[in-house]
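If you read the protein sequences in the order shown, they are chains A and B. Mapping to this note's numbering: the first sequence position 53 is 61, numbers consecutive. Mapping to this note's numbering: the second sequence position 239 is 306, numbers consecutive.
Hints are not guaranteed to be accurate.
[Unchecked claim] Computed Cβ-Cβ distance ranges for the label pairs, DEER-style:
#1 B:Ala133 - A:Leu29: 38 to 48 Å
#2 A:Asp72 - B:Thr500: 51 to 61 Å
#3 B:Tyr422 - A:Tyr48: 50 to 60 Å
[Said to hold, decoys possible] Covered by chain B, per the in silico footprint, the following chain A stretches (three or more residues, Cβ under 8 Å):
#4 14-25
#5 84-91
#6 110-121
Calculated directly from the structure, the hints in this document are not laboratory data. Glycine included, each C-beta is placed from N, C-alpha and C at the ideal position.
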Amino acid sequence: MPQLFPRQANALPTVSLFGALGGGILVVLLAWYYLSPEFYEVGYQPEQPVPYSHALHAGQLGMDCRYCHNHVEQSPHANVPSTQTCMNCHGVVATESAKLLPVRESWATGVPVEWVKVHHLPDYAQFSHAAHVNVGVGCESCHGRIDQMEVVYQAEPLSMGWCLECHRAPEEHLRDPSLVTAMGYLDDMTDADRAANLARIEEEGIKPPQNCSACHY
Amino acid sequence: MATVTSKSAYGRMGGDGAPAYPDGAPKTLEDAPLVRGNLSFHDVTEMVAYHTEKKTPTGWFLAFGAALVGMAIFGVAVAFLVWNGPGVWGLTNPVFWGWAIVNFVWWVGIGHAGTLISAVLFLFRQRWRTSINRAAEAMTLFAVACALVFPTFHVGRVWVIYYTLPIPNQMAMWPQFKSPLLWDVFAVSIYGAVSLLFWYVGLIPDLATLRDRAANAGRTLRAQILGFFSLGWTGSNRHWRHYERAYLLLAGLATPLVLSVHSVVSFDFAISLVPGWHTTIFPPYFVAGAIFSGFAMVVTLLVVARKVFDLENLITLDHLEKMNIIILVTGTVVGFAYITEFFIAWYSGVEFEQYAFLNRAAGPYAWAYWSMMACNLIFPQIFWIKRFRRSIPIMFAISITTNIGMWFERFVITVISLHRDFLPSSWDYYSPTIWDVLLYVGTFGLFFTLFLLFLRFVPMVAIAEVKGVMPQADPHFYAHSGDGHGTIGDGGPTHDLAPYQQDAFAQSASPAAGDPERDGVPNPAPTDRPAGGGTEPASPRH
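Extracted from the complex, chain B is given alone in its bound form (with noise of 0.2 Å):
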């Protein structure tokens, strides 16, 4: 039996002189193909799992080194904290809640692309996700381990941390379920276990396919792990079945968890009297700011591994435009919501509410709301323009200042509504110590040394499922071409489109993303593009 790729089956239509594009090259984002290079399946399988199979690269030591470095910093951080206490931060009437919530809330906003990605748009039917969606809930999960670091080790006593748990005890104490800090707890901990699920029944067919990959190469003892983890998969109907509807159901569970947990954050702050922190806006301005700052990250990290890894055929430049224009909305959505602060503010008549707002802008911390306001509201406006959202660099540099200005965001809110509270006689000037930033440096650390594993011994793209919006899996592609097995015959695409499909066509006579002038921008005219795979025409393999 003829294995058919795209590249042979456009290559066919070229032959025949059928139109390149029966219906016209894509106009718009949406109808840009979401994989590009004329991939066949087995190429995608290959370019994925290839990079879990190679003799580890020196480069690759080479990050992990550095990475090591900050795991190293990060413990002797932890250790001199928990040795000493949360007295050696920069802890200090009235700032009792500094760098270690800052940090908490950004890592936890970060945090929040993955899922958001995974199952929100897995439940809108954006196809697009699934080149990104394997490498953005590992993102997750490290965030939140990394989020999870400060709150346990500023409780002080961190021997005790089970406390925050409702766990039968010989105190016959229970946590005080009226408090938002313990609304946190179940949060952000049912948020890591979902999504944690979430990404390993996601792995579960591509670990089968890395197991009889490794079978079939010998490698017994990695067949043997793999094969423990991949409980047994065979892609059978049945499993697939179950899968799907596996899949669905957490991505059912997992969507309101996306809403609920930086909302909840938000209630540490809200739920108190703290001019400043008292407003009813912080929820949707929370998980918009979480959005935000989570795709922002997506993008740092998506843009150098689909250059290291040769990946940009699969997260393609679309891909990462899509991603702007997310970067774009939820950045102005948070700007809007600063401006909203301060509108409130004079119009509730409030004057401590003014008060807290005016400093802000225009208080000893003003150059961190300014940075604030720069980098979250200003900057990304220039993804308005086409251009700049399709431009590497400056997505990159963009990416970084949205996280700059998120943590900044979070800095604004926690340090300087506290700095000036109710009693003017205990106002203060907060600043870090040398331990605070070290922690924060050191979560860098783990982070990166958790993604560095993943990117070495886990797909970093979800291959099943870029398969299922490739054009071959379309039940559709060989209809009206050979016998319905998979063999070509004659006879071009003459069915209709239903408006939900995706001309598989159209999709198959992609240009390479190596090919910079043609690059994901949808083309003017079906005339003007050059044929892609299709000059060559292919010879029908039977």
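The following block holds chain A by itself, in its conformation from the complex (with noise of 0.2 Å):
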């Protein structure tokens, strides 16, 4: 009888058997990298309807984020401006501007501009901006460095796991709620400031959910 494979065959078993161990392992890393949200959505840069500057308005010029967004220690919702609040100043500034047109439009018909929204969160998870603006939690901490972005990106990944980071460890990004607007305060955080949040969190009893209904309900 002749053999029915040659002779390198003999490897088969062995490479099969490690190929399939290692094919599963490889497939789970490579599935815990490439669909993270730290991979697809991080980065996520739409183009918007006006070239509006978040680096000139507040970073440069250092408006306060609340000016616009000025419904955020109310509501849920960290609401986008609407057409008046842009020319409560380009009513007087920037007049001629061709970037302008599409708000002086807006401004003379009344439709609103479609801004495009960048911080998708899934419909089953709640949450609050109000909860945790009042706290003292920055809008650095969940945005990024707004005042250096020329067109607005998603910084963070906004993953459960990346909002339990938070949650377990409180004191690693809370701040004095009068300094929730200002950009770079992480940066310089002390062992003297997480002290001092360790303090508040004793003191006023701060304890973040990390129970599902907290934001699934």
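Each of the two chains sits in its own frame; use the hints to bring them together as a complex.
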């Protein structure tokens, strides 16, 4: 009887065994990396109808975030400003700018500017801006250095694991609520700040929930 | 060199005038020969391998067609369920564990016999396991596959079923390790994986046999496929040593799983606080019930298979009788457990517990309770009578009623306990919908599709293992005859048997299964036995 398989086939069981094991581990690792919001969501930077620059307004001019996103302390939603808010200044500043043409059109016609939403959460995850801002979670904790962004992009993964990082160690992210819009605060955070946060957490009974129904209800 | 079969060896003895049964006829079932019909090793290979090599019979296509219809029903039931969600089932407050859980536990229970037969009976040196273990293990694998369907789709959002596994994920979320439902995931999937491995390792020598037969017959593609799966098995001494060590280790690994799987399944109920579920008797009682239903399913399948595939000399009435004894014992154990539950409900003095049990026996589902009692406790008692233990129609009927009874047991536990829970305002009568029924019917399609493929393509009896329990495998078989190299010389079997040995000659002299008068019934006395294959003295061939 001739041999059914060539000599190299002796390696086949070993190769397939380790191939299956290694392949399984590889699939898990690839899924872990590529199917994570950290890979496929961070850096999302849609083109906006108006070339509005946060770097200019919030950075160079130093406007407070809450001038435009004015409901952020009362509402779950950080509202996108209406055209009226823009025209408060642009009724007198840069009135001839071509870049502002869509804003003036909106002002004239009453049809709102269709800004493109950057930060999406799933429908089943409830998030309240007010709850976070009022207790001293800075804007930059979730949105990054807006003051340096010409066009806004998503800076953080906004995944559940990422939320929990902060809910499990709030002292690393809290700040004095009066500094909530300050940019660059986190870079300069000191151990003294963390100690102060811990004292505040103790005193005010800040206890970020970690149960399912905190966000999924 | 002469080929010595048990037939020729026995023939020589008869010719020499030596007694057919040197130590007397087998007196008990345990002494009865495990293989009948005076088969040689080659006969065994032929009669098993033939069924994987022959042209596919029409009957197989008909059966497979019927099974595929079942598969189609399965597909429709699953698709409708996934599209619409588990609301299409009859689940409603307060019964949220309906047929799906009943069917899950039922199939997992059936999947118990295979590994019990292959691992536990192996460790206990029950050599009769060899004829039935292959088919029983296959049945186990397919039953576990059917069982897994139910919890998988019961979760509702089947596309996130991987949440049940501890896989690192962006939600930083892990399964609840304190929940018996999670233990279930591990218990059943480990059981399925180890059973598959055990089955496959046991298959390797037989696949190599098929491979060599295919190569000799010039069927190269078939030989290559079988060659791939037989992993280069040559049957060398070294291969056998490694194989037997691996098999023993796997048997040791699988044995605790036999007990753990259904214990863990019972925890799904026992860990909760629902009256009727919250009892410590559940693990042993579930394991006994699982063995009960598993053996019944093996009997159902093998009674048919041994007839259709002409394997009555390998899967003898003695094998079936042994399984029927196990069915009798485990059926009585579960019956005892049912009665113990009642006693404990009374003895505990807990009125909720007492109500739960009275409601079982006399409530709106009393019909289910008494069906269970009849099928599980009462009907198997017929097996106290040897004549019925050895009657094919009766054992077939009992094997079917047993599995009906075990289905009702799970229905009784799951539904009756839930339908009147702590809040009387939500008490309700649970009924399944057509989609519950169709999915259950569909899993039969899945099961029989897989089982028919198994019967067609895989040796359904462990050829190599059966040879190991045949008289010719005894090292002393030729010890006093011939030159010790498998050739026959003079001299009778004069050696003394150690207590653990079966007498090779006594086994080889067994009558064929085709002889209804004699089949497997231990003889009252040696003199009254016709000499089987010994009537014709075979000429010693050299």
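So, going through the hints one by one against the coordinates:
Taken as a hint, the range 38 to 48 Å holds for the pair Ala133 of chain B and Leu29 of chain A, whose Cβ atoms sit roughly 39 Å apart. A beta carbon spacing of about 60 Å between Asp72 of chain A and Thr500 of chain B agrees with the range 51 to 61 Å that was offered as a hint. At about 55 Å, the CB distance of Tyr422 of chain B to Tyr48 of chain A agrees with the hint of 50 to 60 Å. Given a C-beta distance limit of less than 8 Å, the hint that chain B covers the region 14-25 of chain A holds, as 4 residues qualify and 3 suffice.
Counting residues of the region 84-91 of chain A whose CB lies closer than 8 Å to any CB of chain B gives 0, which falls below the minimum of 3, so the coverage claim is violated. Coverage of the region 110-121 of chain A by chain B is violated. Counting CB-CB distances below 8 Å, 0 residues qualify, and the rule asks for three or more.
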